[in-house]
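Engineer: Chains H and Y are the protein sequences, given in the same order. Number 117 in my numbering belongs to position 117 of the first sequence; there are no gaps in the numbering. Number 31 in my numbering belongs to position 31 of the second sequence; there are no gaps in the numbering.
Keep in mind the hints are simulated off the structure, nothing from the lab. Accuracy of the hints is not assured; some may be wrong.
One-sided excerpt, in silico: chain Y residues whose CB lies under 8 Å from chain H [as the list claims (entries may be wrong)]:
#1 L121
#2 L126
#3 Y127
#4 S130
#5 L134
#6 I141
#7 L357
Lysine-lysine pairs mimicking DSBU-like chemistry, simulated, CA-CA at most 30 Å apart [said to hold, decoys possible]:
#8 K70(Y) <-> K149(Y)
#9 K149(Y) <-> K158(H)
#10 K32(Y) <-> K77(Y)
#11 K158(H) <-> K77(Y)
#12 K77(Y) <-> K66(Y)
#13 K32(Y) <-> K66(Y)
Some residues of chain H that are not near chain Y, with every Cβ distance over 12 Å (derived) [to be verified]:
#14 V57
#15 S90
#16 F139
Only a predicted model underlies this, so the values are computations on that prediction, with no experimental measurement involved. Where a beta carbon is used, it is the ideal one built from N, C-alpha and C, also for glycine.
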Amino acid sequence: MIFFLILAGLSVAFSLLVVFQRNVVHSAMALVATLFLIAVLFLTLDAVMVGILQILVYAGAIMVLFLFVIMLLNPEVLEGRSVVWWVLGSLAALLLLFEFVPLLTGTAGPVSGPGPADGSFGSPEMLAQSLFSDFVLPFEVASVLLLVAIIGAVVLAKRES
Amino acid sequence: MMIDLGIIAAKALLVLFMVLNLAGILGWIERKGSALIQDRIGANRASIFGFAGMGLVNTLIADPIKLLTKEDFIPPKGDRLLHTLAPCMAFFPPLVTFAVIPFGDVLMLGERAINLQVANLNVGILYIFSMASLSVYGIVIGAWASNNKFSLLGGVRGSAQMISYEIAMGLSVMGILMVYGTLELQEIARAQGELLWSWLPAWGIFFQPVAFLLFFTAAVAETKRIPFDLPEAESELVAGYHVEYSGGKFLMFFAGEFAEIVTASGLITTLFFGGWQVPFLMRDGFHFPWGATLFLPHLAVVLLQVGAFTVKVLFFCWLQILLRWSLPRFRYDQVMRLGWKMLLPLALLNVMATAILIIAW
């Protein structure tokens, strides 16, 4: 419990840093730290697979691309905040809050007690089983979506030159 | 409870101790070995009371003292915080990666069975790749925080190179996973103790020779050393991503590179060369294919296995240093072409061929 509180507090602190920092690279690194801490939270919940995938995909791949783009564009100073964006952003945040409050208060407490005792919970075998039997259609659709994105990127790059 | 925790702490400390010290010793091997290869004398100046120990005093005592007491220069227009954090980010991943690499079988101490591996994760290989993907940050952030054209170029090159070769690396391991049917490294090492046609050890190299070549190439590229040293590129970019680093921080980049070599060697050993397996050594002793047996006490068997693992790791460390001092460098476009147009398709083909063979068997 103490461990959870420390982790949760740190991840909230880092995610606040993401938003409130002026330096874009500092924000990106704070986001990496947040994602890493969330992965550790998954580890404490015995969901090793999810935690490792969180690091591999988000902290390790997506954020590297973010940094790559930031470094190539090198935004020296951020543009001043415009009122329109400020209002729109606040509205979106409020909407999200109204979505979340009933969810958090309405559901029953967390299901307590450990998962299946044989340690197979969240194992790659179990994940693969459900991915390739119950969820095979969404899985394939997602891979086609990625393929479309790759081809689109290639087409755009070709047109440039 | 306390004893279990103590055992885990002892294993973690032992592995950290071994990797850090091997990294230091590799620094010595690199300097003396390169001298041997190039017919020079190499480091021989420093000595304690006339004892130079083949340059050991020079590289293991004099060099670190010099580096640690040197002025730590941070570029005035650079980013102080990230400039300091970057070497830590470069040093951290190779050290923690070794946690899932098994360095021996189960050690029985009385009633207690100790698995000679720091963390037995059921997603061992994914853990390794996740840590490898984190090692990009040290370079990118270090390069950016230095506020220097050369280092930024090196950082961009380094991140592109590491992302490209991570893909080939991951796909090349796929064949091994299909053969042994598990992600756990201890299971993979154990499965390699079997015998094929009752005489050939079932090591990964015999099932997946192509995967070994691909993995080895990608692993060398990940360590960013010659022939893949484009992020550093001393002749074009001065020192690439760590051009603005001096003193202890430079030492961390430098030692991190050697720790990466050690970790890569441990991985190659575990995946393709039987890990801690000694050919024909079972739990109770040697069972040779020609029928002879030699029974050994449990402790001797475990020591032999740990010793075999160490010897194999040292061999691959030496091989990587040998490569670094005998091959010319690639050009940057050649590195990219090799990664995307050679290694990646070959790895995909290898996966398909393995799948067909497994189904047809």
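Engineer: Against each hint, give a clear statement of whether it holds in the structure.
Structural biologist: Do the hints match the structure? See the list:
Interface restraint check for L121(Y): the shortest CB-CB distance to chain H comes to about 6 Å, inside 8 Å, so the restraint holds. About 5 Å separates the beta-carbon of L126(Y) from the nearest beta-carbon of chain H, less than 8 Å, and the hint is met. Restraint check, Y127(Y) versus chain H: the minimum CB separation of about 5 Å is within 8 Å; hint holds. Look at S130(Y): its Cβ gets to within about 4 Å of chain H, closer than 8 Å, so that hint holds up.
A distance limit of 8 Å between C-beta atoms decides the matter here; for L134(Y) the minimum to chain H is near 6 Å, and the interface restraint holds. Hint status for I141(Y) relative to chain H: holds, with the closest Cβ pair at about 7 Å, below 8 Å. The closest approach between the C-beta of L357(Y) and any C-beta of chain H is roughly 21 Å, which is over the 8 Å cut-off, so the hint fails. Distance hint between K70(Y) and K149(Y) is fulfilled; the C-alpha atoms sit about 24 Å from each other, no more than 30 Å.
A threshold of 30 Å between alpha carbons decides the hint, and for K149(Y) with K158(H) the separation of about 28 Å falls inside it, so the pair holds. Between K32(Y) and K77(Y) the alpha-carbon distance is near 38 Å, which puts this suggested pair outside the 30 Å criterion. In summary, the hint linking K158(H) to K77(Y) is not supported, as the alpha carbons are separated by about 38 Å, beyond the 30 Å threshold. The straight-line distance between the Cα atoms of K77(Y) and K66(Y) is roughly 26 Å, inside the 30 Å bound, and the hint therefore holds.
Taken as a hint, the K32(Y) and K66(Y) pair is honoured in the structure, with Cα atoms around 19 Å apart against an allowance of 30 Å. At roughly 9 Å from the closest C-beta of chain Y, the C-beta of V57(H) falls inside 12 Å, breaking its exclusion from the interface. No beta-carbon of chain Y comes within 12 Å of the beta-carbon of S90(H); the shortest separation is about 30 Å. No beta-carbon of chain Y comes within 12 Å of the beta-carbon of F139(H); the shortest separation is about 18 Å.
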